[in-house]
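Chemist: Sequence:
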Amino acid sequence: MANKSLLAATFAATLALAGALATTHEGLENKTYLDPVGIPTNCYGHTATAKIGQVKTTAECKKLLNEDLLIAIADVESRVKVELTIERRAALVDFVYNVGGTKFGSSTLLKKLNAGDARGACAELSRWVYAGGVKLRGLVTRRAEERVLCEVGL
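All letters in the sequence shown, in the order written, are residues -22 to -1, 1 to 132 by mature numbering (1 follows the signal peptide of the UniProt record, and there is no 0).
Be careful, since some hints might not be right.
Unchecked claim - With a straight-line Cα cutoff of 27 Å, these simulated DSS-like cross-link-like pairs (lysine-lysine) come out:
no.	residue 1	residue 2
1	Lys59	Lys90
2	Lys9	Lys34
3	Lys40	Lys9
4	Lys29	Lys9
5	Lys29	Lys41
6	Lys40	Lys29
7	Lys29	Lys81
Worth flagging that the hints you see were computed from the coordinates, not collected in a lab.
With the hints as extra help, turn the sequences into a complete structure.
Modeler: Written out as structure tokens, the structure is:
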């Protein structure tokens, strides 16, 4: 039972930390808008089903955030082959939430992480600050916070 409780606590902590990052950096937008590269986005950075003209309630947005974070957690868990601290897992989940699992899956960050180079993997976060070829201040800030979390314990 202790293992099951520990897994549940780890999952809850990861969800809480990643959710805090996502809500802080995405902000809440109930009405769908185009992000800096023209992708329809609403709520806390939700893109999967967002369409221009949609308006979501805050409750709907929180539900979408939780669903999207669960997808990001599953993506991280399926691709990472090394042990992760709660903080590193949360940083990666927020990263995947923001850039997507496909980009994470082919990243140097993931290659370094799975090769046992956690420090090098965390440093890779600082490279992911561009959208449509433009360096965005918001991404610089977000990646810096993810990197601090990622490097806890190194």
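Chemist: Hint by hint, note whether the structure agrees.
Modeler: Hint by hint, here is what the structure shows:
1. Restraint check: the Cα-Cα separation between lysine 59 and lysine 90 comes to about 11 Å, which is no more than 27 Å; the hinted pair holds.
2. A threshold of 27 Å between alpha carbons decides the hint, and for lysine 9 with lysine 34 the separation of about 6 Å falls inside it, so the pair holds.
3. Only pairs whose Cα atoms come within 27 Å are accepted, and lysine 40 paired with lysine 9 is accepted, the gap being roughly 14 Å.
4. A C-alpha spacing of about 9 Å is found between lysine 29 and lysine 9, which places the hinted pair at or below 27 Å, so the restraint holds.
5. For the suggested pair lysine 29 and lysine 41, the alpha carbons sit about 17 Å apart, so the restraint of at most 27 Å is met.
6. Taking the CA atoms of lysine 40 and lysine 29, the gap is about 17 Å. The hint holds against a cut of 27 Å.
7. Our distance criterion of 27 Å between C-alpha atoms is met by lysine 29 and lysine 81, whose separation comes to about 23 Å.
In summary, this structure violates none of the numbered hints.
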